[in-house]
Amino acid sequence: MKKKRHAHSKKTGLPPGTLIHTGDVKTSQVTLTMFRYSAEQIEERTITSLDEIPSESENSILWLNIHGLHDPKIMAEIGLKFKLHPLVLEDILNTEQRPKVDVYDDYLYLVTRFFTYDSREMQINSEQISIILGEHIVLSFQERPTGSFDPLRERLRANKGLLRKSGADVLAYALLDMIVDKYFIMLEQISDDCEKLEDQLLHRPSNVVLQNIHKLKRETMDLRRAVWPLREIINSLVRNEFDFFQESTTLYLRDVYDHSIHFIESLESLRDLLAGMLDIYLSSISNQVNKEVRILTVVTMLFMPATLISGIFGMNFEHMPLLKDYWGFWIALAFMLLVAGGMGLHFWRRQWLSRH
Amino acid sequence: MKKKRHAHSKKTGLPPGTLIHTGDVKTSQVTLTMFRYSAEQIEERTITSLDEIPSESENSILWLNIHGLHDPKIMAEIGLKFKLHPLVLEDILNTEQRPKVDVYDDYLYLVTRFFTYDSREMQINSEQISIILGEHIVLSFQERPTGSFDPLRERLRANKGLLRKSGADVLAYALLDMIVDKYFIMLEQISDDCEKLEDQLLHRPSNVVLQNIHKLKRETMDLRRAVWPLREIINSLVRNEFDFFQESTTLYLRDVYDHSIHFIESLESLRDLLAGMLDIYLSSISNQVNKEVRILTVVTMLFMPATLISGIFGMNFEHMPLLKDYWGFWIALAFMLLVAGGMGLHFWRRQWLSRH
Amino acid sequence: MKKKRHAHSKKTGLPPGTLIHTGDVKTSQVTLTMFRYSAEQIEERTITSLDEIPSESENSILWLNIHGLHDPKIMAEIGLKFKLHPLVLEDILNTEQRPKVDVYDDYLYLVTRFFTYDSREMQINSEQISIILGEHIVLSFQERPTGSFDPLRERLRANKGLLRKSGADVLAYALLDMIVDKYFIMLEQISDDCEKLEDQLLHRPSNVVLQNIHKLKRETMDLRRAVWPLREIINSLVRNEFDFFQESTTLYLRDVYDHSIHFIESLESLRDLLAGMLDIYLSSISNQVNKEVRILTVVTMLFMPATLISGIFGMNFEHMPLLKDYWGFWIALAFMLLVAGGMGLHFWRRQWLSRH
Amino acid sequence: MKKKRHAHSKKTGLPPGTLIHTGDVKTSQVTLTMFRYSAEQIEERTITSLDEIPSESENSILWLNIHGLHDPKIMAEIGLKFKLHPLVLEDILNTEQRPKVDVYDDYLYLVTRFFTYDSREMQINSEQISIILGEHIVLSFQERPTGSFDPLRERLRANKGLLRKSGADVLAYALLDMIVDKYFIMLEQISDDCEKLEDQLLHRPSNVVLQNIHKLKRETMDLRRAVWPLREIINSLVRNEFDFFQESTTLYLRDVYDHSIHFIESLESLRDLLAGMLDIYLSSISNQVNKEVRILTVVTMLFMPATLISGIFGMNFEHMPLLKDYWGFWIALAFMLLVAGGMGLHFWRRQWLSRH
Amino acid sequence: MKKKRHAHSKKTGLPPGTLIHTGDVKTSQVTLTMFRYSAEQIEERTITSLDEIPSESENSILWLNIHGLHDPKIMAEIGLKFKLHPLVLEDILNTEQRPKVDVYDDYLYLVTRFFTYDSREMQINSEQISIILGEHIVLSFQERPTGSFDPLRERLRANKGLLRKSGADVLAYALLDMIVDKYFIMLEQISDDCEKLEDQLLHRPSNVVLQNIHKLKRETMDLRRAVWPLREIINSLVRNEFDFFQESTTLYLRDVYDHSIHFIESLESLRDLLAGMLDIYLSSISNQVNKEVRILTVVTMLFMPATLISGIFGMNFEHMPLLKDYWGFWIALAFMLLVAGGMGLHFWRRQWLSRH
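Chains as they are written, first to last, in the UniProt record's numbering: chain G, 1 to 356; chain V, 1 to 356; chain R, 1 to 356; chain S, 1 to 356; chain B, 1 to 356.
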């Protein structure tokens with residue numbers, strides 16, 4: 001996971017509640033999109049001034065989505081307009097939060113994370129998504145436009161399903177559901193890379209593959225740590241500890257909870273796979289050493305006896321057998337070949353060179 | 001375990017409650033089998049239309065088993081007929097669920113998994129079995145006909161044991177019992193493959209064996225993760241948290257609970273075995289390297305001195321001893337043999353070549 | 001631990017409560033031994049028919065011990081006589097149970113295991129001992145006669161200690177105490193084998209030793225898993241959750257509980273020891289490779305320079321120094337010895353060959 | 001982490017409550033700095049005698065910061081003045097405490113630790129900071145002046161934020177917040193060193209790098225153990241178990257709690273990174289051995305055949321082919337080159353030497 | 001830790017409450033030392049008969065310390081005199097207990113362990129210390145005189161601190177405090193040995209060092225297991241579950257609790273250190289192999305080409321260049337040196353031989 005460890009030092013020593021955007025600026029412009037709907041009608045608008053937002057009403061649900069968090073001024077205005085606690089605003093801007101849920105008198109504040117996988121760098125990038133759920137209002141804050149909520153907008157416009165007929169809690173659930181569903185898309189991409197690595201491991205093992213396996217394993221562990229608290233949060237919503245969700249909605253949240261557990265288990269399965277790949281890599285190196293040594297041994301055993309024989313007949317004794325024989329040279333040569341061939345046959349029989 | 005990780009992405013962005021069958025279509029036709037029984041009489045029928053199902057009655061138990069889940073239309077009809085919550089229908093069709101139990105007003109919804117082991121691929125395949133338990137009704141949903149419940153049908157027909165005399169909860173228990181019992185059959189198959197691998201490991205260690213050990217270990221871990229929640233679920237049934245089981249039936253459920261724990265422990269024992277096999281494989285490679293190097297060393301030590309001696313008597317000095325001697329050549333040869341023989345004896349005494 | 005994984009498949013598909021003995025038949029005959037005692041008198045009898053058993057009485061304690069469980073007919077009779085639940089009878093016969101405690105209205109049902117260690121096979125065999133504790137009655141079921149309870153019988157006959165003066169709960173405690181005490185005898189045997197392995201590891205490391213270490217480690221882990229639930233059970237008895245033990249007896253049970261924890265900790269200590277032995281084995285192989293390579297290097301360094309020198313003086317140049325010199329040959333030889341000696345000295349100084 | 005394990009033995013056998021400063025003397029002089037403030041006014045003073053401290057008043061908050069703890073006499077006076085329990089004084093002086101919170105009737109006693117990282121020694125030094133929170137008073141004890149609280153002093157003087165308007169609990173929170181914020185600065189330094197090690201590992205792997213990785217890993221684990229209880233403490237403050245913090249302040253403490261968890265997770269991520277580096281180091285050595293053996297094999301295979309050929313034509317047979325041929329020598333030489341070249345081509349094609 | 005696993009088998013089959021001393025007899029004589037004190041006066045006596053002990057009184061505290069437990073008769077007398085439960089007496093004599101606390105009506109029974117480290121054997125020896133705390137009485141049982149409580153006696157005599165003015169619970173606390181404090185002295189000795197091993201590892205790695213590391217690691221783990229329950233016990237005393245300690249004393253016990261946690265964490269830190277040393281050892285062997293192979297390769301590459309050249313000029317062709325040249329021999333020799341020197345330069349440049 002991309003390290004953003006300078007986020008905290010930026011803020012060290014400042015009083016709490018100071019609005020500073022920590023993290024990279026991921027979009028150049030702050031965009032506010034408003035949906036206002038009831039079962040009967042729907043209004044969709046991109047807003048430039050907060051004054052355009054109608055006051056809260058019992059008859060309709062207001063969903064305000066904010067892309068881009070780097071302008072503290074607009075954030076402060078939003079905080080004022082919707083009476084958000086300074087700490088909430090600070091947490092929205094501090095985009096390195098762990099998933100959490102904080103309950104206030106009038107609203108629930110949810111921090112979740114959205115992950116995208118960069119296959120080229122084998123790196124998981126993450127983005128913070130904050131959701132505020134009031135009685136008739138849902139605010140969602142994203143670091144940049146990702147189009148992740150587009151299917152939901154489509155559903156709102158088309159008035160499919162129960163969404164338009166239900167309260168703000170169902171909208172918040174739908175957002176959560178969408179976020180967790182996207183996790184599985186990322187998981188597939190990581191799994192694909194895993195398979196590629198496995199393939200490379202078997203056919204072209206190298207130190208680069210090893211480093212990539214380690215990298216992916218670390219990313220997977222970091223991801224697990226980042227998603228783990230989300231599981232806990234959704235569970236607390238299912239148990240309806242905070243009373244912001246209706247009983248019927250918690251049934252649906254239970255589904256999201258199941259998905260989050262499923263996701264974490266898939267990550268653990270992935271980690272097992274990667275750990276196994278490390279073992280295979282290490283043993284394949286040992287195997288390689290074994291093979292090299294075997295070749296060296298075979299070569300040595302083939303040539304050393306022949307060299308000795310040639311040395312023997314190269315000695316300068318006056319009285320030596322065969323030397324004056326017409327076929328002497330060829331007999332010596334044949335003897336060399338015989339010894340080498342015998343050894344070769346021996347190896348071939350024991351399948352020394354093909355075994356690995 | 002076979003990866004079905006595309007299941008989730010299929011559904012991303014759809015409203016909850018949308019009935020889409022995720023997973024492979026495992027049978028070509030949807031088959032509904034109905035049992036209707038009381039202590040005195042029993043009726044067994046394969047149904048083509050839902051209208052054939054008699055209305056619920058206090059005097060008899062209705063068991064409807066459905067094979068094949070890929071036709072959302074029939075599923076929707078069943079949902080309507082038995083007043084199932086849209087989420088339950090969705091979960092039945094989404095065949096990648098973890099085991100879970102959901103309680104509704106009129107029925108209990110149980111998701112369990114059925115595992116089969118493909119020895120050739122060393123792969124565990126799994127199939128979702130959903131069970132719905134009402135007051136006088138049990139619905140069971142399977143992805144394809146497996147014949148797993150045949151002994152139960154036999155028992156119903158033969159009116160053996162207490163089954164016919166008991167309520168729907170005993171039937172649900174019997175289904176669960178049957179499912180968990182089948183786990184042990186799979187466990188035996190895996191254990192057999194484990195033993196085969198152990199045998200190969202000792203006699204023909206190779207990278208393929210290593211990969212198979214890893215594969216089996218991973219499958220075992222995945223299986224453990226998949227069965228773990230079932231244990232929890234049965235425990236909650238034993239504690240009778242949901243009031244759908246009679247006190248006397250929970251005594252029997254306790255038995256299923258014991259079996260599920262036994263199964264998980266057997267998996268852990270298997271994992272220990274496989275982990276030990278990995279260690280043995282790695283050490284056997286190191287042993288192999290050791291042996292190769294030893295052979296190389298012995299060969300070098302046998303031939304190098306002899307080669308040196310032959311080299312010495314091959315030098316062109318005018319004044320050299322032995323050269324003109326009649327027995328000189330044979331003395332040199334004998335000396336070579338002596339040195340080599342002495343070394344050989346030394347090795348033989350230290351049992352260098354036989355030790356491993 | 002000896003695998004008995006076919007136990008479950010034997011029963012698959014049978015209705016619950018079917019009495020089938022799963023496991024090996026370990027004794028050829030079913031033997032029933034009865035003790036009936038009070039503080040004043042004691043009666044000891046081997047029984048052939050259940051009718052010989054006197055009816056329960058408030059004034060005396062009845063202890064019935066059954067060896068051999070393979071005759072379902074006798075078991076069914078016992079069940080009838082003492083009004084045991086069918087599931088209890090089934091569990092007694094199914095000798096692959098994990099330790100557990102089940103509470104019924106009139107009695108407590110305890111499953112424990114008895115372990116014996118087969119040093120030759122390095123294998124732990126286990127046997128199920130079921131104990132039923134009623135108000136004035138204790139039933140104990142063993143797979144075969146082991147003589148494990150003989151000291152207890154002796155104590156009953158001799159009227160030593162408080163046993164005869166106390167209730168049935170004290171007898172049940174005494175049985176448990178005896179079982180746990182025997183665990184330590186087995187532990188000593190395993191520890192002895194461990195020490196033998198450690199000895200072999202240091203003096204004759206081989207793949208067989210490695211496999212034995214792994215086997216013992218696995219047995220130890222399996223044993224730990226098998227004893228773990230017993231600890232939990234005794235703890236629940238100490239907390240007196242079931243009201244079958246008197247307050248004063250729970251004090252003694254606390255002692256058994258301490259022993260069971262002590263036993264589990266000893267197993268963990270043993271596992272640490274065995275894991276360390278694996279590490280030592282692996283590193284000793286690497287050390288061995290290191291030593292071999294060093295010898296090879298030394299031999300090569302001793303002979304290669306000398307061989308080169310002999311080769312140089314074997315060249316056929318017309319004008320070469322020393323060749324015609326009377327002492328030429330000896331000077332060359334001395335030079336060879338000098339180089340080899342210098343290298344040897346160098347190695348000896350760096351203690352290359354003795355270091356390991 | 002620097003070992004200060006002699007701290008305890010210094011005190012062994014002394015009665016509890018004896019004031020002895022354990023740990024190194026880190027500053028030569030004890031300095032007392034007093035802040036006394038309300039929303040309207042602020043007074044800042046360095047104090048030489050405890051008499052200068054005004055008595056507690058409801059209208060203003062008193063913050064007394066003490067640098068240097070090695071003078072038991074002054075500490076005893078402070079204890080007397082603020083009615084601190086002897087054990088609290090002892091704990092303040094015994095600077096090897098784990099983080100903890102102790103509640104007394106009139107005040108809360110918090111022990112936290114401050115860490116600095118010495119990059120040259122790859123060592124984490126730690127310093128104990130004790131905080132006492134009364135109703136209108138905060139005492140903070142540091143081993144030496146670190147300037148860590150300077151931004152807070154600045155904020156007090158400038159009357160920025162809510163600090164001056166709030167109670168003593170907010171000041172205590174601000175101190176805690178400052179301490180935890182500093183943790184992240186240290187984390188960045190460790191991460192930087194980690195990256196340096198990773199770089200060295202890939203380009204110049206050596207035993208020194210290995211030892212450094214191990215050292216950093218150990219320091220990271222020690223740090224985790226040292227911070228872990230702090231997390232627990234802050235959590236207990238958030239749950240407001242002790243009633244010394246106002247409801248509104250606990251909202252802010254929740255933030256500190258999140259930071260402490262974030263910090264611990266970062267440490268775990270770091271540990272994963274370092275563990276992976278160890279694996280890479282070990283496998284890179286194996287790779288190195290593999291490469292060496294391959295070079296040796298290639299050299300042997302290139303020269304051995306040529307040497308044999310030269311040996312063959314060095315034999316002293318009377319009848320040998322080529323010897324008298326004018327081109328004989330060059331033919332033999334060409335043959336040698338051919339064999340060596342063929343082998344070289346073979347290796348080059350299999351990319352033996354470039355692969356790693 | 002020294003194995004005393006025969007302790008249990010000694011007692012197998014005996015009725016509970018049988019007084020048998022298990023463990024080695026560590027002192028030849030049983031010594032009873034009595035302290036009887038109040039704030040005003042103190043009486044110290046070595047007792048030969050139990051009759052010398054005055055009856056319990058509200059005005060003074062009685063501390064009876066017993067060295068040597070091998071005389072069951074005296075123990076039985078003490079049991080009678082102080083009305084101890086038979087199980088307590090049995091536990092005192094059975095010196096292989098885990099730390100535990102048992103509460104009886106009139107007294108609290110504490111089992112703790114005292115550890116000494118034998119640096120020569122790298123072995124931790126342990127001794128059981130039993131403490132019985134009544135209302136005005138403290139009994140302490142030690143296996144042999146260790147002088148561990150001498151500072152406490154000194155403090156009693158000198159009437160320093162609050163000890164004489166407080167009740168029996170403070171004396172019990174003081175004993176516990178003394179025991180835990182001694183743990184840290186042992187910890188320092190182990191740490192010293194650890195450092196010695198680390199030193200040996202870097203300068204003279206050998207299999208003996210490896211075995212010592214393993215031994216120390218195992219001892220550390222055993223120690224951790226032995227101290228772990230003590231932590232739990234002290235915690236239960238702090239929570240004052242048993243009502244034998246006054247509220248003010250539990251504050252002091254909290255201190256002992258902190259120390260015990262600190263001790264356990266130090267042990268874990270030590271284990272990390274030793275685990276790291278194992279890794280370093282294994283990698284240093286691999287490094288060693290690498291170095292050996294490199295030397296072999298270098299030697300081979302230096303001498304093989306020269307040997308080939310000498311072989312070439314040793315061939316018996318009639319027409320060979322240089323042979324008749326006056327400088328031929330020297331040119332050949334120069335060529336050999338050139339090749340060897342070139343290789344040597346190549347290695348030197350790549351720092352092959354110095355790198356490790």
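One or more of the hints may lead you astray.
Intra- or inter-copy, both count: the list cannot distinguish identical chains.
Only pairs whose alpha carbons sit at most 27 Å apart, straight line, appear in this in silico DSS-like list of lysine-lysine [claimed, not checked]:
| no. | residue 1 | residue 2 |
| --- | --- | --- |
| 1 | Lys182 | Lys196 |
| 2 | Lys83 | Lys182 |
| 3 | Lys73 | Lys83 |
| 4 | Lys160 | Lys83 |
| 5 | Lys100 | Lys324 |
| 6 | Lys196 | Lys83 |
| 7 | Lys165 | Lys324 |
| 8 | Lys182 | Lys100 |
| 9 | Lys291 | Lys165 |
| 10 | Lys81 | Lys196 |
| 11 | Lys81 | Lys160 |
| 12 | Lys100 | Lys81 |
| 13 | Lys196 | Lys324 |
| 14 | Lys160 | Lys215 |
| 15 | Lys196 | Lys73 |
Keep in mind that the hints were calculated from the coordinates and are not lab data.
Inset, instruction - Check Lys182 against Lys196 for me: Cα-Cα at most 27 Å, and say if that holds within a copy, between copies, both or neither. - result: within (22 Å within a copy, 35 Å between copies)
Legend entry - Intra- versus inter-copy proximity for Lys83 and Lys160 (alpha-carbon distance at most 27 Å): Close across copies (22 Å), not inside one copy (32 Å); limit 27 Å.
Legend entry - Up to 27 Å CA-CA - Lys196 versus Lys81, copy category: Answer is neither; intra-copy 51 Å and inter-copy 48 Å both fail.
Legend entry - Identical-chain pair category, Lys83 with Lys182, by Cα at 27 Å: Answer is neither: 31 Å inside a copy and 31 Å across each miss the 27 Å cutoff.
Inset, instruction - With 27 Å as the alpha-carbon cut-off, assign the pair Lys160 and Lys215 to within, between, both or neither. - result: For Lys160 and Lys215, neither the intra-copy (43 Å) nor the inter-copy (44 Å) Cα distance is at most 27 Å.
Inset, instruction - Evaluate Lys196 and Lys83 at a C-alpha cut-off of 27 Å and name the case that applies: within, between, both or neither. - result: Answer is neither; intra-copy 51 Å and inter-copy 47 Å both fail.
Legend entry - Identical-chain pair category, Lys196 with Lys73, by Cα at 27 Å: neither (47 Å within a copy, 40 Å between copies)
Inset, instruction - Measure nothing new, just compare the shortest in-copy and cross-copy C-alpha distances for Lys196 and Lys324 to 27 Å and report within, between, both or neither. - result: Neither. Shortest intra-copy (67 Å) and inter-copy (62 Å) distances fail the 27 Å Cα cut-off.
Legend entry - Status of Lys81 relative to Lys100 across identical chains (alpha carbons, at most 27 Å): This pair counts as within: shortest intra-copy Cα distance 23 Å, inter-copy 41 Å.
Inset, instruction - Since the copies are identical, ignore which copy is meant and state whether Lys73 and Lys83 lie within 27 Å (CA to CA) inside a copy, between copies, both or neither. - result: Intra 15 Å, inter 48 Å, cutoff 27 Å: intra-copy only.
Inset, instruction - Could you place Lys100 and Lys324 in one of the four classes (within, between, both, neither) given a Cα distance threshold of 27 Å? - result: For Lys100 and Lys324, the Cα distance exceeds 27 Å both inside one copy (97 Å) and across copies (93 Å).
Inset, instruction - At 27 Å max between alpha carbons, let me know whether Lys165 reaches Lys324 within a copy, between copies, both or neither. - result: neither (113 Å within a copy, 108 Å between copies)
In terms of the numbered hints stated before, the structure departs from hints 2, 5, 6, 7, 9, 10, 13, 14, 15, listed from lowest to highest.
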